[in-house]
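K.L.:
Produce the entire structure from the sequences given, and follow the hints as far as they go.
If you read the sequences in order, they're chains A and B.
The first sequence maps to residues 1 to 295 in UniProt numbering.
The second sequence maps to residues 1 to 295 in UniProt numbering.
Quick caveat, the hints were computed from the structure, so don't treat them as lab data.
One or more hints might be untrue.
Said to hold, decoys possible - Have a look at the derived ranges for each label pair, beta carbon to beta carbon: (1) B:ASP265 with A:PRO202: 58 to 68 Å; (2) B:ASP12 with A:LYS184: 41 to 51 Å; (3) A:PHE26 with B:ASN119: 27 to 37 Å; (4) A:LYS246 with B:GLN56: 28 to 38 Å.
The beta-carbon is built from N, C-alpha and C at its ideal position, and this holds for glycine as well.
Protein chains: 2
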Amino acid sequence: MATHRFDPNFTDTVVSAMGDNVNPRFRQLMSSLIRHVHDFARENELTIDEWMAGVQLLNWAGQMSDAKRNEGQLVCDVIGLESLVDEITFKLADEATDAPTATAILGPFFRADTPFRSNGENIVKTVPKDGKGEIAFMNGRVMDFETKKPLVGAVVEVWQASTNGLYEQQDSEQEEFNLRGKFKTDENGLYSFYCLRPTPYPVPDDGPAGKLLKLMDRHPFRPAHIHIIATYDGYRPLTTQIFDRKDPYLTNDSVFAVKDSLIVDFVERKGDPQAGIELNYDVRLVADESKTNGA
Amino acid sequence: MATHRFDPNFTDTVVSAMGDNVNPRFRQLMSSLIRHVHDFARENELTIDEWMAGVQLLNWAGQMSDAKRNEGQLVCDVIGLESLVDEITFKLADEATDAPTATAILGPFFRADTPFRSNGENIVKTVPKDGKGEIAFMNGRVMDFETKKPLVGAVVEVWQASTNGLYEQQDSEQEEFNLRGKFKTDENGLYSFYCLRPTPYPVPDDGPAGKLLKLMDRHPFRPAHIHIIATYDGYRPLTTQIFDRKDPYLTNDSVFAVKDSLIVDFVERKGDPQAGIELNYDVRLVADESKTNGA
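P.N.:
Pasting the structure below:
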């Protein structure tokens with residue numbers, strides 16, 4: 001069956017070296033991974049030098065990663081892997097009629113220690129000096145996607161980059177937790193805050209992900225977006241991003257995360273001295289008992 | 001054509017995002033890698049949590065790696081990848097009649113800064129305290145594999161683990177560069193030194209490679225071996241390992257590096273107060289002009 005000129009038994013030897021006491025799912029994943037990696041090497045007659053360049057690139061990703069940055073994740077993102085596992089994990093939810101809010105990738109700039117803020121608070125703690133910061137009022141409801149019942153006390157966590165393309169942990173000029181916040185929905189299921197109209201930005205190009213993008217002759221830009229995680233007891237946690245319809249990179253996101261249902265429209269806001277535009281955005285969560293995909 | 005239930009265009013979108021100005025070989029490798037990685041994810045319906053566990057494992061490998069240790073390489077080794085790219089790279093040389101010395105993997109414990117020593121020197125600078133250190137005299141010729149002409153001034157670099165299974169850079173009890181050395185062949189093409197009879201040892205289990213081995217229910221042992229790199233101007237550099245025929249792990253090396261032609265026999269040595277056993281081992285190099293595999 002081998003269509004190559006290398007030892008036809010080698011891959012089976014490696015796979016069958018696994019012992020009896022292996023978790024069945026782990027055995028499946030490792031067997032498949034080993035076969036794909038070996039097929040990749042044989043089909044392309046991968047040389048030692050090429051393989052070592054790959055090893056060094058992955059080691060470099062780990063060396064750049066810490067509690068505030070996950071470069072290994074970013075490397076996966078630029079080859080579409082995070083968006084793909086997102087699609088796989090949430091496939092059935094996406095297929096449901098009158099769907100809950102679609103998912104999108106977490107990205108490498110999430111911070112688990114983001115503080116709670118009050119509804120109506122402005123998350124723009126450090127005003128951009130470049131004059132490009134346009135303040136927007138964002139609000140909406142968190143609801144059960146089937147019953148439309150508002151969910152009281154649901155948590156909506158948001159984060160976004162500043163107009164210079166940097167998240168606060170990448171930028172010593174920004175106050176800690178600038179452009180981040182967790183909000184609890186009120187008695188009507190409503191959340192609200194002031195933020196920036198998001199702007200497009202390049203993913204960091206100082207590491208292996210940026211190097212791969214250059215070698216692949218691709219631009220590093222992500223379309224303008226706001227990250228959202230919404231959670232409520234008894235409901236499936238939602239990780240998503242919403243995208244500004246006016247962004248020029250909507251069709252060629254460097255990490256392939258855009259979905260049509262996540263494109264939103266900012267509109268003019270009148271009579272509010274704090275913000276000239278607004279976005280009303282409802283988040284629809286799926287109850288655990290609706291869970292059909294086993295994810 | 002898609003045999004899965006996910007977006008049938010996604011992978012093509014990612015591959016075709018590459019621009020016009022991409023090195024053709026890089027385009028081939030990245031296109032193939034992206035397709036295999038995506039197929040792996042779809043075939044196994046890889047979840048976000050499983051993917052993230054893999055990312056964290058690879059980041060961990062990078063974080064453990066430095067000038068003295070390459071854990072990303074060791075992760076590849078335990079799934080057979082280094083041995084496979086070694087086979088691929090040197091396939092044609094292996095196939096030649098009256099073959100030059102076969103190649104084997106470099107392994108993660110090579111040090112580029114190993115010092116030169118004199119022929120006949122003992123590389124055992126720190127004598128093992130466990131009494132298991134058996135001194136061996138190793139010598140031989142470096143020769144042109146076709147003409148059998150001895151190569152004068154060729155460099156033979158060797159390194160081996162001590163009886164506790166640790167290379168000197170892993171073990172603060174060992175003198176720096178213990179059990180390592182570079183030797184230049186003399187006017188007859190001969191090299192010689194005293195070393196330890198090699199002993200089997202486990203690959204390091206304090207990182208992701210060790211974790212993978214445990215999860216795969218595999219032992220971590222490498223059969224006893226001595227690493228060799230031999231170089232001579234105008235000849236293809238050789239990286240190999242030689243294995244002691246008496247080792248119990250010859251048939252189940254944790255990094256799959258054993259080749260039959262690299263198994264050697266230590267024999268009794270008489271009349272030398274420094275060593276009770278010896279190994280005569282000739283290294284056969286291929287002239288660059290014989291190079292047929294383009295590697």
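K.L.:
Hint by hint, note whether the structure agrees.
P.N.:
We went through each hint and held it up to the structure:
The hint said 58 to 68 Å for the Cβ distance between ASP265 of chain B and PRO202 of chain A, and at roughly 60 Å that hint holds. At roughly 43 Å, the beta carbons of ASP12 of chain B and LYS184 of chain A sit within the given window of 41 to 51 Å. The hinted range of 27 to 37 Å is not satisfied by PHE26 of chain A and ASN119 of chain B, whose Cβ atoms lie roughly 50 Å apart. Under the hint 28 to 38 Å, the C-beta atoms of LYS246 of chain A and GLN56 of chain B, about 36 Å apart, fit the expected range.
Checked against the numbered hints above, the structure breaks only hint 3 and satisfies the rest.
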